[in-house]
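K.L.:
Let chain D serve as the given structure and place chain X on it in line with the hints.
These protein sequence lines map, in sequence, to chains D and X. Counted the way my numbering counts, the first sequence spans residues 171 to 552. Counted the way my numbering counts, the second sequence spans residues 171 to 552.
Accuracy of the hints is not assured; some may be wrong.
Which copy? The list can't say, so a pair holds if one copy fits it or any two copies do.
To be verified - Straight line, CA to CA, 20 Å or less: simulated SDA-like cross-link-like pairs of lysine to any residue:
(1) K237 with R424
(2) K237 with I304
(3) K398 with R316
(4) K395 with Q521
(5) K398 with I271
Treat the hints as calculated values from the structure; they're not laboratory data.
There are 2 protein chains.
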Amino acid sequence: MVSLRGVSVIGAGMSRFAKQPELSIIDLAQPPILDALEDAGVTPGQVQAAYCGSVFGGSGLGQKVLKGIGISGIPILNLENACSSGSSAFREAWLAVASGIHDVTLAFGAEKLTALGGGAYPLGEGDIEADQGILMPAVYAMRARRHMTEYGTTIEQLAKIAVKNHSNSVHNAQAQYQREYTLEEVLNSRMVADPLTLLHCCPTGDGAAAVVLAATEFADRFHGKPVKVRASVLQSGLFKNDFRDMTKSDLSYRAAAAVYEMAGLGPEDIDVAEVHDAFTIGELMYYEALGFCAPGEGGRLIDEGATEITGRIPVNPSGGLLSKGHPVGATGVAQIVEITGQLRGTCGRRQVAGARIGMTHCTGGGVAGFDHIACTIHVFEQ
Amino acid sequence: MVSLRGVSVIGAGMSRFAKQPELSIIDLAQPPILDALEDAGVTPGQVQAAYCGSVFGGSGLGQKVLKGIGISGIPILNLENACSSGSSAFREAWLAVASGIHDVTLAFGAEKLTALGGGAYPLGEGDIEADQGILMPAVYAMRARRHMTEYGTTIEQLAKIAVKNHSNSVHNAQAQYQREYTLEEVLNSRMVADPLTLLHCCPTGDGAAAVVLAATEFADRFHGKPVKVRASVLQSGLFKNDFRDMTKSDLSYRAAAAVYEMAGLGPEDIDVAEVHDAFTIGELMYYEALGFCAPGEGGRLIDEGATEITGRIPVNPSGGLLSKGHPVGATGVAQIVEITGQLRGTCGRRQVAGARIGMTHCTGGGVAGFDHIACTIHVFEQ
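Chain D on its own, in the form it takes in the complex:
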C-alpha cells in the first residue's frame, strides 16, 4: 500500500547558536538557508515547498523568512511541536518528497529565545503542573533522583555527560559554548534543581538551521553530497506508564522501536547519534530508550566512554543541546545538520571515524505542561 520514494539530504547549514539579541529571528534564519541551498547547489527557485519549525517565532514566520531570499510562490507551512518543532518540520518536508508531490523541499527551524526576556520557557496559563513548580528542570531532576535510587547512577556519571559534550563542542564553531569544563566545574556550578546544577542544563539562546531535501533519484543532479533518510518517525502522546516509572520515557521507547522497524536496523547499527540532552539525565535516559544499553545501564555506558567520539556509540559529537545550545525550533534541524556532516565525513576534529549510519533523536515536552508533545527520530545513511 505504502509506496514511498527515497529521500536524501543534499544541503545543510546552521547559524551560530548563541545569545544574539541584536539579530531578529529573520536575520538569524536566512543565512543558514542560503548556506544550505549553496551547499546543495539548489537555487531558491528550485525549492518546491518549505517547512518551518518554531515555537515562539510568531504567525507566518516561514513566509517572512523566505520572502527576503527569493523563495515565494510555493507551499510554505509553519510547524510547532515544542522542542521537536524543527524535526517535525523536517518530517513533513521528507513526506512531501517521499510521497512524490515534490522533488526538492526545504526544512528549517529558528528560535530567538532572548526575545522572551530571559525567563523560563513559557508555559500555558492555568497549567496545574507548572503552577506547582513542576517545570522542566524539576522534572528532569526528579528523573535523575529516581534513576540514582533505582539503578545506583551517580551525579558524577551524569556530570560526565556535560563534560563530554562540552569537550566535543570545543571543535564546533557554531556552538554556544566552546570550552572544556571539568567534572568539578559541572558539579560545583550553581544549583538549579537538585541534583542538577547549571552545567547539567542546556543554555537558552538564539539560532537557526536548515537542510535541503531531494528525491534520492534526483539527488545526484545537485552538487551537495547526498545523505539518505533511511527512516522517519514522529510519535506523540502520554507516557503509557505515566509517573509509575519516570526513569523511562515511554515516548522515546516507542519511537525507537518504530524507527528501528522502519529502518530495518537495530541500535548496534548506529555509528553516531545526536540525542536530546536538554539535561544530562535526559541523554542518559535516552541511551537506554534508544537501546544503546540496557535499562539502568546508562551510567556504566558513560563510565566506559562508549558515547565519546572515539567510543562504540558516539553521542552528541556536536556538543548537543547542553553545549551547542538549544534554540528550541532550530534544534531538531541542527541535529540533522550535524549528522549530515558526520556521514559526509566533513566534521573535522569532532568527526566520528567511518560513520555510515547516523541517528537524530529529538523529543518535545517532558511531563509538566507539555503532555509529551512529540518524539522524532530520524535515521540517515551514507
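P.N.:
Showing chain X alone in chain D's frame:
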C-alpha cells in the same frame, strides 16, 4: 512519479462560533472532534495521526486537546499559517492518507480570539506596514476603493454580500450571527475603514471544527457518508504583481489555476463554494480569482444573485466568515465541515440543491505583516 491514493472525508463536526470567553480553547476543541469521530463511526483508537491548526493556541495545542479524549500515542502536529492554519492542517492530514503512511487521520482547528483581549489581530513587532496602520481592514478598504475606481463596483454591491451571508446563516445553528441584516443596516453600521463599515467585516470569536479523513478504499468501512477530496492545493508567497493591481489576489489566482488542473475541472463545474470573506470585498475579489466571473465582474455577479443559495454558483451558504464567524485557526476546517454537509445533502434550509462538487477557499494574510502566508483551495465531490 506521484502515486497518491484517493482520500475521503468521513466525519465532520464543529462548535458554535461565538464569543465564548468562559470556555478554554481545549473545551472548545474537544466536542467537535468527538462529534466528527461519532459521525464517522471512528473510535479514538482508530485515528492514526492528527493535525491541529491554530494561530494563537500556544505550544502543543493538538496534544493538549487530544490527551483528554483518549487520542494519544500517535503522530500529532501543530500547524500555523495565519487564516489558513486549519486548512493547512487539513492538507497535511490529506497528504498523510494520500501518501499511504496512514489510513485514518484527523484534522482540526481551534482558536480563542477572546483570549487576546478583544483588540485587533496581533501583528509582529517591528512590522513596518502595521506600524503605519496598514492593518487588515485598511488593506481590504483600499482594495475596495480600487475595485470601485477600476470597475465601477459600488458599495451597495459589496453590502449585498454581507446581506446574503447573514441571510444564509439564519439557518446555521453554529453561526455567530443568526439574523438577517438589511442593505441599509450594513451601509449604516459603524465605519471601520472607509468604505467598509462594521458589517462589511467578519467578527472576532471563538470556535473549533474537526474532520476525519480516510483512504477512499476503506471509507465504506466506517458509517459516515464519505465525501471525496478531489484536489488539494496550498500556495504561499508574495503577490507577483505586488501593489501594482491590488484588486487581484495573485495568490488566489495561482492557487485556483493549480487546483483546477489537479481536479481536472473548471469553475463552471463547482456547485457550491465556501470562500474567504473576511471582508465583503474579499468575497468579491475571490469570485474573480476563482473564475466564477471575469475580472471586474464581481459586482455584476452579486447583482444577478448568482452566488445566493438558489443561484448559479452559491457562495458561503454557511454564512461565511462574515456571519458564521472567523475564529482563525478553525475557519478552514469549518469550511470543509460545511461543504461535507452540502455534498451529503444534510444542510437543511441552507442546502444547495443537487450539489455534487464543492470547493473551499481559505487565504491567510493580506498585505501588511502577513506576507501572503498561504492560500489553500480544496475541491470535494460526492
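K.L.:
With reference to the structure, classify each hint as holding or not holding.
P.N.:
Each hint tested on the structure:
In this assembly of identical chains, the alpha carbons of K237 and R424 lie at most 20 Å apart only when taken from different copies (17 Å versus 38 Å within one copy). In the homo-oligomer, the alpha carbons of K237 and I304 lie at most 20 Å apart only across protomers (19 Å), although the nearest pairing inside one protomer, at 40 Å, exceeds that limit. For the identical chains of this complex, K398 and R316 are neighbours neither inside a copy (38 Å) nor across copies (51 Å), given an alpha-carbon limit of 20 Å. Within a single copy, K395 and Q521 get their C-alpha atoms as close as 16 Å, which meets the 20 Å cut-off; across copies the closest is 56 Å, which misses it.
When the C-alpha separation of K398 and I271 is checked against a cutoff of 20 Å, the pair qualifies both within a copy, at 18 Å, and between copies, at 19 Å.
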